[in-house]
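Number of protein chains: 2
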Amino acid sequence: MRIAQIAPLYESTPPQFYGGTERVVSYLTEEFVKQGHDVTLFASGDSITNAKLIKGSPKALRLDIGCIDPLAHHFVMLQKVFEMADQFDVLHFHIDYLHFPFSIRSDYCHITTLHGRLDLPDLQPLYSTFDKVPVVSISNHQRKPLLQANWVDTVYHGIPHDLYSLNSGEGHYLAFLGRVSPEKRLDKAIEIAKAVGMRLKIAAKIDKVDIEYFNHHIRHMLDHPLIEFIGEIGETEKKIFLGNAAALLFPIDWPEPFGMVMIEAMANGTPIIAFNKGSVPEIIDHGVTGFIVSNEQEAIEAVYNLPLIDRAECRRVFEHRFGADVMARNYIKVYERVAEDHCTQKNRARKTSIKEII
Amino acid sequence: MRIAQIAPLYESTPPQFYGGTERVVSYLTEEFVKQGHDVTLFASGDSITNAKLIKGSPKALRLDIGCIDPLAHHFVMLQKVFEMADQFDVLHFHIDYLHFPFSIRSDYCHITTLHGRLDLPDLQPLYSTFDKVPVVSISNHQRKPLLQANWVDTVYHGIPHDLYSLNSGEGHYLAFLGRVSPEKRLDKAIEIAKAVGMRLKIAAKIDKVDIEYFNHHIRHMLDHPLIEFIGEIGETEKKIFLGNAAALLFPIDWPEPFGMVMIEAMANGTPIIAFNKGSVPEIIDHGVTGFIVSNEQEAIEAVYNLPLIDRAECRRVFEHRFGADVMARNYIKVYERVAEDHCTQKNRARKTSIKEII
Chain P
26 MRIAQIAPLY ESTPPQFYGG TERVVSYLTE EFVKQGHDVT LFASGDSITN AKLIKGSPKA
86 LRLDIGCIDP LAHHFVMLQK VFEMADQFDV LHFHIDYLHF PFSIRSDYCH ITTLHGRLDL
146 PDLQPLYSTF DKVPVVSISN HQRKPLLQAN WVDTVYHGIP HDLYSLNSGE GHYLAFLGRV
206 SPEKRLDKAI EIAKAVGMRL KIAAKIDKVD IEYFNHHIRH MLDHPLIEFI GEIGETEKKI
266 FLGNAAALLF PIDWPEPFGM VMIEAMANGT PIIAFNKGSV PEIIDHGVTG FIVSNEQEAI
326 EAVYNLPLID RAECRRVFEH RFGADVMARN YIKVYERVAE DHCTQKNRAR KTSIKEII
Chain G
26 MRIAQIAPLY ESTPPQFYGG TERVVSYLTE EFVKQGHDVT LFASGDSITN AKLIKGSPKA
86 LRLDIGCIDP LAHHFVMLQK VFEMADQFDV LHFHIDYLHF PFSIRSDYCH ITTLHGRLDL
146 PDLQPLYSTF DKVPVVSISN HQRKPLLQAN WVDTVYHGIP HDLYSLNSGE GHYLAFLGRV
206 SPEKRLDKAI EIAKAVGMRL KIAAKIDKVD IEYFNHHIRH MLDHPLIEFI GEIGETEKKI
266 FLGNAAALLF PIDWPEPFGM VMIEAMANGT PIIAFNKGSV PEIIDHGVTG FIVSNEQEAI
326 EAVYNLPLID RAECRRVFEH RFGADVMARN YIKVYERVAE DHCTQKNRAR KTSIKEII
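Protein chains in written order, with this note's numbering: chain P, 26 to 383; chain G, 26 to 383.
Okay, chain P solo, but in the shape it has when bound (with noise of 0.2 angstroms):
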């Protein structure tokens, strides 16, 4: 097929650092390429592909001290991504709602896959008004705020096989690996760990938002034999840290949309223990690659049972349901599908605007 995937501008695809949703367009865009599709990857100029690209901006925004107003550089992309539209089969946006207004008055074939929280009340009326525009959502649960949106599908995140492989969990530690953020709950993660009396590694970013929350509820807590703070890490980094980890623990209090470090702990064999939240029942099959659990309690419990998870089933699991390939065909599905409603649609109109004009 012919795929244009539109990338956020903010970091480049994939990110140098932090970025989740140019890191699952990028696993997205190569897959594609490898499997053989004509793919055209719209994003920031610093973007790394084997598909075309097409530079929306010089370089990513987050990156760009002199930018003010990102939202100038994504109309500048969009108006290219326009200009060549009759040149794809499917058009592949990961720019929220930007393109609503455009799109629903456009005949080019497209979908959009919804990559954050859409719980804010903003979102109902642009839903309600923009009901027609096919939506892919990252877990069913994400869904549950919006169900006046237009769903095509639910396609679950993967990523590439040979990014981690799996690992032994040797090093015998708990792990934690994000931003310190009050509804990431490492407060939590670190009562667990004391509690079952294991060591606690925790990998993650302060963003500036959140150094207040940082100081006042999570720094005295650090100060104990079993705590480990390694603050944030890069990609390499973290394939021995979540594969020599025991478990990771993903003690969230807020409605993950989907939540990648769990995939990711999968791929290197590591099983997850994680609160009930969000995507979290769609992602970890209990019992089989992790623990749903409830309350501190419970995750205690289900440390004291990590013995009965078998790694090598976790990253099987993580192989046949969350390999980047896996979510490549599932989307060629979903274009496909949208694809031929498209046609039906655009062949109705077409009939009735030369009845119009004749």
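By construction, these hints were calculated from the structure, which means they are not laboratory data.
One thing to keep in mind: the hints can contain errors.
No copy labels: a pair is met if it fits in one copy or bridges any two.
Unchecked claim - Derived DSSO-like pairs (lysine-lysine); straight-line CA-CA distance at most 27 angstroms:
{"no.": "1", "residue 1": "LYS219", "residue 2": "LYS302"}
{"no.": "2", "residue 1": "LYS105", "residue 2": "LYS371"}
{"no.": "3", "residue 1": "LYS84", "residue 2": "LYS157"}
{"no.": "4", "residue 1": "LYS80", "residue 2": "LYS371"}
{"no.": "5", "residue 1": "LYS59", "residue 2": "LYS105"}
{"no.": "6", "residue 1": "LYS105", "residue 2": "LYS169"}
{"no.": "7", "residue 1": "LYS169", "residue 2": "LYS84"}
{"no.": "8", "residue 1": "LYS77", "residue 2": "LYS263"}
{"no.": "9", "residue 1": "LYS169", "residue 2": "LYS77"}
{"no.": "10", "residue 1": "LYS263", "residue 2": "LYS233"}
{"no.": "11", "residue 1": "LYS77", "residue 2": "LYS105"}
{"no.": "12", "residue 1": "LYS233", "residue 2": "LYS371"}
{"no.": "13", "residue 1": "LYS264", "residue 2": "LYS213"}
{"no.": "14", "residue 1": "LYS59", "residue 2": "LYS371"}
{"no.": "15", "residue 1": "LYS157", "residue 2": "LYS105"}
{"no.": "16", "residue 1": "LYS105", "residue 2": "LYS80"}
{"no.": "17", "residue 1": "LYS264", "residue 2": "LYS219"}
These numbers were taken from a predicted model, which means no experiment stands behind them.
Please build the complex by placing chain G on the supplied structure of chain P, with the hints as guidance.
Below, chain G without anything else, positioned relative to chain P:
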């Protein structure tokens, strides 16, 4: 004409508090109604107008504490605009570039007034991309950073004749009205007043972002018998505040795109002493409605020369150049011109399209 005015949703139209763009849109809309046009106003639901009101959002977004994503509401409004587009002879947008990628691909007649400063680097690629979208400047100087845009005309803001009237200026004080921010240079105004030994009344709001500036650079200057800090004032107080002033001090240090307060002063018969930046030389007739100066020394001399200014003439110039009626007539000329161009293009496109289909 059948005219659509599309206002920002941040404030109501007219705004309850500060909100320059919404205020001008209101003046223009009500004047069009008065002149007998068929006017539809797209604005926040708490707007008050004699035109037909289409609610873009239930209420002004800046007063809605639940609003995190104002763009979503503007997109909802845009969708309403597009659905009704064929009911208007012209669509007049006041929401910056938010509609550009839509309008450039649509066949309605539209014009956009740019209300803000245009020297952001982010806007360069935007206006190079959308260099066909017809735009109106609010001063000639405003255009300078964006010569590539499709400038159709400059239309100066206007205010209704009856909002203010010729006043005596018998308060024998100098006035400063606006925000306390570095580029407005309240410090200069204070120095000028002290140097000439004349009272300075300051009616100014302090935005959150300017609190530190106020505390560090302004607060200590206020403790002086000649200086009186009043704080933020409403429309009713403004009339007395400006009308009783001997002159308005406008010692700006930024490319002011228009500067409503200058014509508000003029409408009260109050002359302006303004630094030569941005729109200033286009708004003030030097020696007639005030003095254009380059530094503090010249400003001080200008205060001594105030008796040379005829306040009645200030008011007459206001009525002649900056009444809402003048603004409305100027916009009608712009609409007619844009509509004519648009009509020509549309006919050309229609012929091509029939050829292609048959």
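Do the hints match the structure? See the list:
1. LYS219 / LYS302: Only inside one copy: LYS219 and LYS302 sit 23 angstroms apart there, 64 angstroms across copies, limit 27 angstroms.
2. LYS105 / LYS371: Cα proximity of LYS105 and LYS371: in one copy and across copies (22 angstroms, 23 angstroms).
3. LYS84 / LYS157: Only across copies: LYS84 and LYS157 sit 25 angstroms apart there, 33 angstroms inside one copy, limit 27 angstroms.
4. LYS80 / LYS371: Neither: 30 angstroms inside a chain and 32 angstroms across chains, both beyond 27 angstroms.
5. LYS59 / LYS105: within (25 angstroms within a copy, 43 angstroms between copies)
6. LYS105 / LYS169: between (33 angstroms within a copy, 26 angstroms between copies)
7. LYS169 / LYS84: between (35 angstroms within a copy, 26 angstroms between copies)
8. LYS77 / LYS263: neither (29 angstroms within a copy, 59 angstroms between copies)
9. LYS169 / LYS77: Close neither inside one copy (36 angstroms) nor across copies (36 angstroms); limit 27 angstroms.
10. LYS263 / LYS233: within (22 angstroms within a copy, 41 angstroms between copies)
11. LYS77 / LYS105: within (14 angstroms within a copy, 36 angstroms between copies)
12. LYS233 / LYS371: For LYS233 and LYS371, neither the intra-copy (48 angstroms) nor the inter-copy (51 angstroms) Cα distance is at most 27 angstroms.
13. LYS264 / LYS213: within (24 angstroms within a copy, 60 angstroms between copies)
14. LYS59 / LYS371: neither (31 angstroms within a copy, 45 angstroms between copies)
15. LYS157 / LYS105: both (23 angstroms within a copy, 15 angstroms between copies)
16. LYS105 / LYS80: Within one copy, since 9 angstroms is at most 27 angstroms while 32 angstroms is not.
17. LYS264 / LYS219: The answer is within: 25 angstroms in one copy meets 27 angstroms, while 68 angstroms across copies does not.
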